[in-house]
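The listed protein sequences derive, respectively, from chains S and Z. Heads up, the first sequence is in this note's numbering, so the first residue is 1 and it goes up one at a time. Heads up, the second sequence is in this note's numbering, so the first residue is 1 and it goes up one at a time.
If you are wondering where the hints come from, they were derived from the structure by calculation, not from laboratory data. Incorrect hints may appear among the rest.
You can't tell identical chains apart in this list, so a pair holds if it fits in one copy or across any two.
Straight line, CA to CA, 16 Å or less: simulated EDC-like cross-link-like pairs of lysine to aspartate or glutamate [unchecked claim]: (1) 99 / 57; (2) 43 / 32; (3) 8 / 57; (4) 87 / 57; (5) 87 / 44.
There are 2 protein chains.
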Amino acid sequence: SPEKTASKKMLRHVVLFKFKDSATPAQVKEVETAFLALPSKIKEIKSLEWGTNNSPEGLAQGFTHVFFVTFDDEAGREVYLPHPDHKAFGKVLGPYLDKVLVVDYWTQE
Amino acid sequence: SPEKTASKKMLRHVVLFKFKDSATPAQVKEVETAFLALPSKIKEIKSLEWGTNNSPEGLAQGFTHVFFVTFDDEAGREVYLPHPDHKAFGKVLGPYLDKVLVVDYWTQE
Numbered sequence: 001s002p003e004k005t006a007s008k009k010m011l012r013h014v015v016l017f018k019f020k021d022s023a024t025p026a027q028v029k030e031v032e033t034a035f036l037a038l039p040s041k042i043k044e045i046k047s048l049e050w051g052t053n054n055s056p057e058g059l060a061q062g063f064t065h066v067f068f069v070t071f072d073d074e075a076g077r078e079v080y081l082p083h084p085d086h087k088a089f090g091k092v093l094g095p096y097l098d099k100v101l102v103v104d105y106w107t108q109e
Numbered sequence: 001s002p003e004k005t006a007s008k009k010m011l012r013h014v015v016l017f018k019f020k021d022s023a024t025p026a027q028v029k030e031v032e033t034a035f036l037a038l039p040s041k042i043k044e045i046k047s048l049e050w051g052t053n054n055s056p057e058g059l060a061q062g063f064t065h066v067f068f069v070t071f072d073d074e075a076g077r078e079v080y081l082p083h084p085d086h087k088a089f090g091k092v093l094g095p096y097l098d099k100v101l102v103v104d105y106w107t108q109e
């Protein structure tokens, strides 16, 4: 969970996926499992939270999955992005991915 | 901060804004301030965290602002969405808004 000590600013990495219509539930599960395995492989990931969209507002633009990653700082993100295990995840995701959206931000409260 | 007790599932409400190019810094600040005032007016908001995009990946599709709202449950969201103060916020935002994207999810860890 994205525990955040009151004073400590954290760097959030918010990743949204829309899967191809052709992606099967098993393939989507494979991607979820692969993402959830990343914290054990990349220590710069301080926390990971995720879920599937249930907004009633109809403003999700087809995105179904949200992965909410936390780093201590930009140095952590800089290790993560080119990390071999992150690249390997990208290969698992690639064939099933229709759209991805990423926004990162420093917590400001 | 989105403190989350380890066991307790929370309902996250992730709101992304892209402002019109014509929106001035002061107008954007007005929207930020108005959003940040909502927790004091709508008690169903259990926490609010926000920030502006600094992702180096170039996958933000123009979205600059992220507001990460937490409710206890869907009942909290159902009070929030039609709430007069939320509607009033929408009026402040409206003239400056280019795009909005909303995804909600139950935390799953």
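Tested hints:
1. For the homomeric pair residue 99 and residue 57, the shortest alpha-carbon distance between copies (14 Å) is at most 16 Å, but the shortest distance inside one copy (20 Å) is not.
2. Taking identical chains as interchangeable, the C-alpha atoms of residue 43 and residue 32 are never at most 16 Å apart, the minima being 19 Å within one chain and 33 Å between chains.
3. Taking CA atoms no more than 16 Å apart as the test, residue 8 paired with residue 57 passes in neither setting, with 33 Å inside one copy and 24 Å between copies.
4. For the identical chains of this complex, residue 87 and residue 57 are inter-copy neighbours only, at 14 Å across copies versus 34 Å inside a copy, given an alpha-carbon limit of 16 Å.
5. With identical chains, the CA atoms of residue 87 and residue 44 are at most 16 Å apart within one copy only, with a shortest distance of 15 Å there and 40 Å across copies.
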